[in-house]
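**Q** Spelled out from the first residue to the last, the chains are:
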Amino acid sequence: MTLYMVQRCLFDHLRRLEAAGDGPKPTIVTEGYDLTPEEVRAVSEPDIGAIYAMGTHPVIINGFCRALGYKRADYRTLLENSGVVPERKKTRWQK
Amino acid sequence: MAEIVMAYSASHAPMMTADPGSAPREQADNFFGALEKVRDTAKEKGVQAIVMITGEHFTNFFLDGLPQIAVGLDDAHLGPPEVWLQVPKKMVPSDPGLAAHITAKLVEQGQQPALSYGMKLDHGFMTVYYWLDNTMDLPMVPIVLNCTTPPLMTVRQFHEFGRALGNAIRSYDGLERVALVAGGGLSHFVGEPRVGDIDEEFDTWLLDILAKGDLSDIIDIPNDELMEAGNGTGEIRSWIALAGAMNDAPGEVLSYVPVYEWINGMGVVLYKGDKEAAAV
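Chains as they are written, first to last, in the numbering used here: chain A, 1 to 95; chain B, 1001 to 1280.
Chain B on its own, in the form it takes in the complex:
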């Protein structure tokens, strides 16, 4: 059976690849240093494939048919559609066996993911993935979440989804070493009068929750309250799902920097793999 050998959550501001030098040097070094540590850990663990969850940005779906969760089921997926992202276009390989298994096991556990062929991998995936493997050869099973268009699944529902996703990955017998990755957040505002603001107080509050592995303060937060930290901040649903998949183990906050030039609170939280966590 597959082991989740590592998991991490990371912000996915487009500017981190489109114009990385626009951030203050110290902040960029802090954030990218954390992603380098993650990349080294993935190499050390011999990760064979990743499962990545991130917010949908009207890249794959629109208002005429917007699923709350969708799994990409192709052999490979094209990314990124944004020509300005400074990430080369490529058909990123997937592991269709793992994708099909995840979908089936999610349904068995009461989740209702949409099935998607032809999924495109926008900045939500490609910024973080490119930093993990700039050859873009590492297989990735993509999953998109509705994080911005109400009515939204609650934080608790995404936590339950994450638990089901973790169970699904661990019950797959086609691979041995899988990494789970969440992209999105932290606080940011887009397309509204507060665009450019960052709620540093929210970001540090959330990171403290994840570091403690105690989600009780956020698990039942109403969406309206969460939106006070930014209309893009709902993307932290992917971080919550990942925490659920890792059984609310304490995460290690590798980085937090509010990068106003990228209009985004930028953070990275790393989780131990299953065997390592069990040994603690």
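Looking at chain A on its own, in the form it has when it is part of the complex:
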């Protein structure tokens, strides 16, 4: 229902993974969060592009992708296909 709830759900999941250490990885819990069906789908599949398009904080996305086993920049294609590509602007350091 809110972006905060999506982010809270992902953040809590990452903490549960951290607590599990080398043990079995817990699956994501969506009960108890006020999420729309689309939000439940996005975090459960997961659909990284949709999670990004909702406005989820990039540090949370990065942590979530790492937990899913993506390394370095190999989740980039999932975000490039999200349909949300930030516009690039001229900066003072560019020659």
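Derived from the structure by calculation, the hints contain no laboratory data. Among the clues, some could well be false.
[Unchecked claim] Label pairs and their computed distance ranges (CB to CB):
no.: 1; chain 1: B; residue 1: Ala1114; chain 2: A; residue 2: Gly23; range: 26 to 36 Å
no.: 2; chain 1: B; residue 1: Lys1045; chain 2: A; residue 2: Thr30; range: 49 to 59 Å
no.: 3; chain 1: A; residue 1: Gly21; chain 2: B; residue 2: Gly1021; range: 35 to 45 Å
No experiment lies behind these values; they were computed from the predicted model shown. We put the CB at the ideal spot given by N, CA and C, even for glycine.
Given chain A, put chain B in place with the hints provided.
**A** Showing chain B alone in chain A's frame:
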């Protein structure tokens, strides 16, 4: 009173400890060689404790309560929470007297740091700290900064924070030789379509500014413009704060390598200690 006997800023890409061999050999040697020089300098100076500032990564705080600055006040802090970082877990000793003094003196100077007990030391601290002291016995006072979640303190505000932090450390009478360390940056992108990019032009521009000790070109940069160099690049706030603490003295750029395998511009800038700088 304590002297800041050395200060340095260094990038803290997790891969530098998690998978150091993934970088091209020449780049890794360049970066780690700089960290070895820093480590030798710390031994030579007899550093008794460090104060370390770095970006918060939702390790200690979340959106329900996110301070712009927080000081860890415990006797020791656990690090790192990331099991994959290839750094052993340990309760890293702090100097609680110095931490409490810093907090009080920051408040006296108009800063508003949050107080934090139970702070955890994630890769933002542990990558750089482990290279400084792999026994992890050197006391560390940790300070986290909000560098990624707007509204952010401006670069100028962090520069002022750094000045206040330097004053606070120097007015502490419980130690004689303290090092100030900043972790974070340089340019990098995470969790967005440009993840993996490095803005080498930004990195060399910033390092040139720090080498000259003239921050006028960056001190009033809007956050939106800074973000063009990467959504993780805001972590250079810790480098700016450190420059402020060292009174904008020229820094010595020991290393810069854009390590695409670590998705991070990697750099190290070293500053002379107070007495050495005054003698120049």
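**Q** With reference to the structure, classify each hint as holding or not holding.
**A** Now for the hints, and whether the structure bears them out:
{"no.": "1", "hint": "B:Ala1114 to A:Gly23: 26 to 36 Å", "in the structure": "holds, 33 Å"}
{"no.": "2", "hint": "B:Lys1045 to A:Thr30: 49 to 59 Å", "in the structure": "holds, 53 Å"}
{"no.": "3", "hint": "A:Gly21 to B:Gly1021: 35 to 45 Å", "in the structure": "violated, 25 Å"}
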